[in-house]
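**Student:** The listed protein sequences correspond, in order, to chains A and B. Per the numbering used here, residue 1 is the first one in the first sequence, and the count goes up by one each step. Per the numbering used here, residue 1 is the first one in the second sequence, and the count goes up by one each step.
No wet-lab data here; the hints were simulated from the structure. C-beta: ideal position from N, C-alpha, C; glycine also. Treat the hints with caution; some may be incorrect.
[Claimed, not checked] Chain A regions said to be covered by chain B (calculated; three or more residues, Cβ under 8 Å): (1) 25 to 33; (2) 59 to 69; (3) 106 to 117; (4) 126 to 138; (5) 205 to 212; (6) 215 to 225.
[Said to hold, decoys possible] Computed from the model, here is a short list of chain B residues facing chain A with C-beta under 7 Å: (7) 44; (8) 45; (9) 174; (10) 178; (11) 181; (12) 217; (13) 221; (14) 247; (15) 264; (16) 273.
So you can see what is in the structure, the chains are spelled out below.
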Amino acid sequence: MTLATRELIERFTAEAGMAGATVYEARSADEANAYILKLAQEHQAKRVVKAKSALAQEIGLRDCLAKAGLEVIETDLGDWFAQLAGDKTLGLAETASGRTPEQIAALVSKAIGDKVKAEAQAILQTARRVLRQSYIAADVGISEADLAIAETGTIVMLCNEGNSRLVSVLPLIHVTLLNSDAVVPTLDAAVVRLKSLARGKSDGRWPSYVTYLTGRNTTGDIPEALMARAQGPAEEHIVIVNRTGDAR
Amino acid sequence: MSRTMRKRLHQALTNQNLQTALQRRRLLARPFRHLAAATAPDFEPLSREIHRVKEEAIASLPRLIEQFKAEAIKSGAHIFEARDARSANDYVLKVAQQHNVKHIVKSKSMLTEEIELREHLEKRGIEVRETDIGEWIVQLAGERPAHIVGPAMHKTTEQIAELFSKATGQKVEPDPQVLLNVSRRALRQSYIEADMGISGANMAIAETGTIAVVTNEGNGCMSTTLPPVYVAVVGYEKIISSWEDAMAILRLLSRSTMALKMPVYISCITGPSWSNAISGVAQLGGQGPTEVHIVLVDNGRMTMWESADFKEALYCLRCGACLNNCPVFASVAGQTYGYIYQGGIGTILTAFLHGADKAEELANLCLGCMACQKVCPARIDIPRMIKRLKAEFVEKRGLSLGRRVTYGRILKHPKRLDRTVKLGAYLQRPFVDKDSMIRNLPYPLNSLTETISLPALPARPLKTRLEGYRLPNSGTRPRVAFYAGCVTEYAYPNLGEDVMRVLREYSAEPYYPAGQACCGAPALYAGDVKTAISLAKTNISALEEGEPDYIVTVCPGCAVLLKKEYPELLANKLGWSERANRLADKVRDFSQLILELAPSAEKKPQMGKKVTYHDPCHLKRGLDIQSEPRQLLAQEGFELVELFDADTCCGFGGQVVLDYPELSGSILKRKLDEIEATGVDTVVTNCVACVLQLRGGLDKRRSKIKVVHSAELLAQQAKPGI
Numbered sequence: 001m002t003l004a005t006r007e008l009i010e011r012f013t014a015e016a017g018m019a020g021a022t023v024y025e026a027r028s029a030d031e032a033n034a035y036i037l038k039l040a041q042e043h044q045a046k047r048v049v050k051a052k053s054a055l056a057q058e059i060g061l062r063d064c065l066a067k068a069g070l071e072v073i074e075t076d077l078g079d080w081f082a083q084l085a086g087d088k089t090l091g092l093a094e095t096a097s098g099r100t101p102e103q104i105a106a107l108v109s110k111a112i113g114d115k116v117k118a119e120a121q122a123i124l125q126t127a128r129r130v131l132r133q134s135y136i137a138a139d140v141g142i143s144e145a146d147l148a149i150a151e152t153g154t155i156v157m158l159c160n161e162g163n164s165r166l167v168s169v170l171p172l173i174h175v176t177l178l179n180s181d182a183v184v185p186t187l188d189a190a191v192v193r194l195k196s197l198a199r200g201k202s203d204g205r206w207p208s209y210v211t212y213l214t215g216r217n218t219t220g221d222i223p224e225a226l227m228a229r230a231q232g233p234a235e236e237h238i239v240i241v242n243r244t245g246d247a248r
Numbered sequence: 001m002s003r004t005m006r007k008r009l010h011q012a013l014t015n016q017n018l019q020t021a022l023q024r025r026r027l028l029a030r031p032f033r034h035l036a037a038a039t040a041p042d043f044e045p046l047s048r049e050i051h052r053v054k055e056e057a058i059a060s061l062p063r064l065i066e067q068f069k070a071e072a073i074k075s076g077a078h079i080f081e082a083r084d085a086r087s088a089n090d091y092v093l094k095v096a097q098q099h100n101v102k103h104i105v106k107s108k109s110m111l112t113e114e115i116e117l118r119e120h121l122e123k124r125g126i127e128v129r130e131t132d133i134g135e136w137i138v139q140l141a142g143e144r145p146a147h148i149v150g151p152a153m154h155k156t157t158e159q160i161a162e163l164f165s166k167a168t169g170q171k172v173e174p175d176p177q178v179l180l181n182v183s184r185r186a187l188r189q190s191y192i193e194a195d196m197g198i199s200g201a202n203m204a205i206a207e208t209g210t211i212a213v214v215t216n217e218g219n220g221c222m223s224t225t226l227p228p229v230y231v232a233v234v235g236y237e238k239i240i241s242s243w244e245d246a247m248a249i250l251r252l253l254s255r256s257t258m259a260l261k262m263p264v265y266i267s268c269i270t271g272p273s274w275s276n277a278i279s280g281v282a283q284l285g286g287q288g289p290t291e292v293h294i295v296l297v298d299n300g301r302m303t304m305w306e307s308a309d310f311k312e313a314l315y316c317l318r319c320g321a322c323l324n325n326c327p328v329f330a331s332v333a334g335q336t337y338g339y340i341y342q343g344g345i346g347t348i349l350t351a352f353l354h355g356a357d358k359a360e361e362l363a364n365l366c367l368g369c370m371a372c373q374k375v376c377p378a379r380i381d382i383p384r385m386i387k388r389l390k391a392e393f394v395e396k397r398g399l400s401l402g403r404r405v406t407y408g409r410i411l412k413h414p415k416r417l418d419r420t421v422k423l424g425a426y427l428q429r430p431f432v433d434k435d436s437m438i439r440n441l442p443y444p445l446n447s448l449t450e451t452i453s454l455p456a457l458p459a460r461p462l463k464t465r466l467e468g469y470r471l472p473n474s475g476t477r478p479r480v481a482f483y484a485g486c487v488t489e490y491a492y493p494n495l496g497e498d499v500m501r502v503l504r505e506y507s508a509e510p511y512y513p514a515g516q517a518c519c520g521a522p523a524l525y526a527g528d529v530k531t532a533i534s535l536a537k538t539n540i541s542a543l544e545e546g547e548p549d550y551i552v553t554v555c556p557g558c559a560v561l562l563k564k565e566y567p568e569l570l571a572n573k574l575g576w577s578e579r580a581n582r583l584a585d586k587v588r589d590f591s592q593l594i595l596e597l598a599p600s601a602e603k604k605p606q607m608g609k610k611v612t613y614h615d616p617c618h619l620k621r622g623l624d625i626q627s628e629p630r631q632l633l634a635q636e637g638f639e640l641v642e643l644f645d646a647d648t649c650c651g652f653g654g655q656v657v658l659d660y661p662e663l664s665g666s667i668l669k670r671k672l673d674e675i676e677a678t679g680v681d682t683v684v685t686n687c688v689a690c691v692l693q694l695r696g697g698l699d700k701r702r703s704k705i706k707v708v709h710s711a712e713l714l715a716q717q718a719k720p721g722i
C-alpha cells in the first residue's frame with residue numbers, strides 16, 4: 001500500500017469517527033468477519049439484511065454469519081433470487097441473467113408459499129413486498145461503499161433498486177464494508193470517480209440512488225441537545241478491508 | 001411603525017414558553033459559536049465559490065431548467081411545471097388521487113409550506129404526516145415553522161411532551177430522550193404505511209436530472225424510498241449545473257446550518273428505482289418508488305429572477321445561518337414575522353412570494369446590523385436588498401407625514417435642525433434629572449425612555465463650542481476635518497471636544513468644517529433616498545473646506561454613509577461622483593486615524609486595568625475595522641477582557657429603537673448581561689450611538705459599569721491642559 005493511501009485511510013477514519021461512526025480496519029477477511037459477527041452477537045441480532053457487495057462475497061461474510069446462526073437475507077433482487085436458488089456463486093452485475101422469468105417465479109413462489117405469475121412486474125411487486133418485511137424485521141444492515149471521502153469521512157453508495165438505502169437506514173445497526181482502494185481524498189475527487197463508476201455501470205444510465213452518508217444520524221429538533229440516533233440506525237460501523245497486508 | 005407588529009412583538013417578548021425555549025437554545029449554541037462557519041479561515045474562499053456557482057446557475061437558469069427537465073425525463077421521472085401554488089397543489093393532488101393515496105409521508109420542505117401543500121391535500125381527506133421531527137411537532141401544534149431549519153425551535157420540552165401525549169394518547173415525559181424515542185417509533189410506522197412520499201430539494205442537478213435531499217435525521221432517505229410514489233416539489237432556483245457545483249454547496253451547507261462538517265444523509269435521486277434482475281432488461285420499480293414526479297415551481301421566483309435588484313435572493317440555500325445570527329430573530333423567533341420565511345432573507349422572499357405590501361413591516365424590523373450578510377454561505381447582500389425594498393416602498397407610496405417633515409424639512413437643513421434641538425433642550429427641562437439624564441418622558445414619548453435613559457440635550461451643541469478652531473494653517477501637520485454627526489453634535493459635545501484635544505496631542509491639526517449636516521442615515525434607512533442624496537451633497541461641499549488630509553468620525557454609522565453610501569448614491573451624478581469618491585478615501589474611524597498618525601507609538605506599560613470592548617456593527621462589518629480599537633487599548637496599557645458575542649448589535653440599529661423600543665430593549669438586555677458577565681467595570685466602544693444605547697441601558701439597571709468611547713478614554717489618558 002502506498003503512503004498516500006495510508007494517509008487517506010487515516011484521515012477518513014478520523015473524520016468519520018468525529019462524525020459519529022465507528023471505524024475498524026481489518027487486515028484480513030477473518031478479522032473483518034470476526035468484527036461483524038461479534039458486533040451482531042453483542043446486540044443479540046437474529047436477522048441481517050444485506051445489499052450487494054463484492055467485498056462481502058470475497059471475504060465470505062454471509063457464510064460466516066449464517067454459520068453462527070444468523071439469518072442473512074440478500075436484498076439485491078438478483079442476489080436474492082440466487083440465494084433462493086441456493087446458488088453460492090453470485091456474479092457482480094447481473095446475478096440473475098441466465099434465469100428465465102418462469103424459473104424466478106417458481107423460486108419466489110416456493111419461498112413465499114404462494115403462486116407468483118411469471119411476469120416481471122408481478123415478480124417485482126412480490127419481491128418488494130416480501131423484502132420490505134425483511135428490512136423492518138432486521139437488526140443489522142450490511143452494505144458496501146462504492147466510494148469513501150477522506151476529507152469528510154463520508155461513504156458513498158450507488159444503487160438502482162433502492163435496497164442499499166433501506167439496508168443502511170432501517171435496521172438498528174448499519175455496517176458499511178469499505179475496500180481500502182475506494183477512499184478518495186476530496187468531495188471533488190469523489191465526483192470524478194462517481195462519474196466514471198456511474199457511467200460504467202448499468203448501460204451508462206445514471207444510478208437512481210447515490211447516497212452520501214457521513215457519521216451517524218442526529219437531530220437538533222428536540223430542544224436542549226443535539227441528539228444522536230434520530231430516525232436511522234443507533235450505530236454506524238465502517239469496516240475497512242485492507243488486504244494489502246501491510247496496514248502499518 | 002405598525003401597531004399590529006408592535007403587538008405581535010410584545011406577545012412574543014412576553015411569551016414565557018417562547019423566551020424559555022430561546023434562552024435554552026442560546027445556551028445550547030454557546031459552546032459552538034466559535035465553530036460558526038463564518039469565523040473559520042476557509043469560509044471566505046468556500047463562500048465565494050458558492051456565490052459563483054449560484055450566480056452562474058441563476059444567470060443561465062432558463063437553459064438549466066431545460067437541461068434538467070430533459071435529463072429527468074430521460075431517467076424516467078415525470079415533470080410538471082407549476083406557475084403558482086394552486087397549480088402545483090392541484091397537480092400533486094391529481095397524482096395522489098390517481099394512485100388512490102391515503103397516507104403521505106413528507107420530508108421537510110419550505111416550498112411546500114409556502115404553497116400550503118399539506119393543507120391542500122388534507123382538505124381532500126388525505127393524511128399527510130410530516131417526518132422531520134421538528135416539523136412534526138409544529139404540525140401537531142397546528143403552527144407554522146419558527147425557523148427554516150429548526151421548525152420547532154420555539155417549543156420547550158414540556159410543550160413537546162404535551163403535544164406528544166395528546167397525539168399518542170399516552171403520557172409522555174418531558175425528557176429529550178423519551179421525546180426522541182416517541183417520535184422515532186411513531187414516524188417509523190408512518191413510512192411503512194405511506195403510499196406516497198413528498199420532499200423538497202436542496203439542489204436539483206441539471207446534468208443528470210437529479211434531486212438532492214439533505215437530512216440529518218434520516219427521514220429524507222425513508223420518505224423518498226419507501227413509498228411507491230415519490231413527488232419532489234422544487235423551486236426553480238434550486239437548479240444548479242453539475243455535481244461539482246453541488247459539492248461546492250455541500251462544503252458549507254451544514255456548517256452554516258448547525259456546525260456539522262457534512263450533512264449526515266444526502267439522498268440523490270435520479271428517476272424511479274429499477275431492476276434488471278428479472279429479464280435482463282430494466283424494469284421500473286425496484287424496491288423504491290415506481291413513479292417519480294418532479295414539480296418545478298415558479299410562484300413568484302421568475303419575477304424575482306427578472307429583477308436586477310433582487311435576483312440575488314435566489315442564491316439562498318435555506319441554511320438558516322442568517323437567522324441564527326439575527327438579533328431580532330433571537331428575541332422573537334420566526335412566527336412573529338407572520339409569513340413563511342423569516343428574518344432578513346425572509347423579508348425579501350415574502351415581498352415576492354406573498355406580496356410587497358406584506359414585506360414592508362418586516363423590513364422595518366431590520367436593525368441593519370449586517371450580521372446576516374457576513375455569515376451567509378452564498379454571500380447574499382441581504383442588507384442592500386432590504387434598503388432597496390424600503391426605497392421602493394417610498395417611491396411607490398411616499399413617506400409618512402411624520403417622516404416627511406422630519407427628514408425633508410428638518411434633518412435636511414442644519415439650521416432648522418439646530419433650532420429644533422434648541423426647542424427640545426428648552427422643553428426637556430422638567431424631565432431632566434440632576435445628573436443631566438432623562439429617565440422618564442411623558443406620553444407620547446414615554447416609549448423612548450422605556451428601556452434606556454437618555455442624555456439631556458446640552459444647552460450648547462458642539463458647533464458653538466468649536467467656533468474658536470480655525471482652519472489649519474501650519475502647512476506641515478496633517479489636516480484633519482472632524483465630522484461630528486448628530487449624536488456627538490447634540491448629545492455628547494464633550495466627546496467632540498475630546499476628539500479635538502486628542503488629535504492635537506497626536507500632532508494633527510483638527511478643525512470643524514462649519515457647513516456639515518446630518519449624514520442622512522436615518523432618511524436613507526427609511527427609504528428616503530432623495531433626502532439622503534441632498535445631505536450627501538451638503539456634506540461633501542462642507543467637508544471640502546480646508547482641503548483636509550483626513551476626515552475623522554466617531555460614529556461608524558456616519559462613516560459608512562460618507563465612505564460607502566455617498567459614492568453609491570451619487571454614482572451617476574455628473575461632477576458629484578468624483579467628489580464623493582475623493583471624500584470617501586479620506587474618511588477614517590477615530591481609532592484607525594490615531595494608529596495612522598502614530599504608527600510606532602510606544603506601548604504604555606500595563607497598568608492592570610481591565611476593560612471589555614463592544615464591536616459596533618457599522619465599524620466591524622461596515623468598515624471591516626476590528627483590530628484597531630483593540631490595538632489602541634493595548635497600546636494605552638489596558639488589559640482587554642473579550643466580550644462574548646462582542647460584535648452582536650446593541651439594539652440601536654435601524655428604526656427599531658424608535659419604532660419598536662421593546663424589541664430593541666430585549667436585544668440590549670442580552671448585550672448588557674454579557675457585559676456584566678465579564679466582571680469588568682468599563683466597557684469601551686467606538687461608536688457614539690452604541691455609547692448612547694449602552695449607557696442608557698446600564699443606567700436603567702443602576703449599574704456602576706462605565707461606557708466610554710475610545711476618544712474619551714484617550715482624552716482621559718492625555719496629559720491635562722493640552
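**Student:** For each hint, tell me whether it holds in the structure or not.
**Tutor:** Cross-check of the supplied hints:
1. 25 to 33: violated (count 0)
2. 59 to 69: That given contact is violated, which follows from only 0 residues of the stretch 59 to 69 of chain A lying within Cβ reach (below 8 Å) of chain B.
3. 106 to 117: Three-residue rule not met by the stretch 106 to 117 of chain A, so violated; n is 0.
4. 126 to 138: holds (count 5)
5. 205 to 212: holds (count 8)
6. 215 to 225: holds (count 11)
7. 44: This interface hint is violated because 18 Å lies over the 7 Å limit.
8. 45: For residue 45(B), the interface hint is violated, since the closest Cβ of chain A sits about 14 Å away, which is over 7 Å.
9. 174: Violated, because the Cβ-Cβ distance from residue 174(B) to chain A comes to roughly 10 Å (cut-off 7 Å).
10. 178: violated, 9 Å
11. 181: violated, 9 Å
12. 217: holds, 4 Å
13. 221: holds, 5 Å
14. 247: Constraint on residue 247(B) satisfied, holds at 4 Å.
15. 264: This hint holds: residue 264(B) lies near chain A, its Cβ roughly 5 Å from the closest one there, short of 7 Å.
16. 273: Residue 273(B) check passes; min Cβ-Cβ to chain A is 4 Å, inside 7 Å.
Hint violations for this structure: numbers 1, 2, 3, 7, 8, 9, 10 and 11, all remaining hints satisfied.
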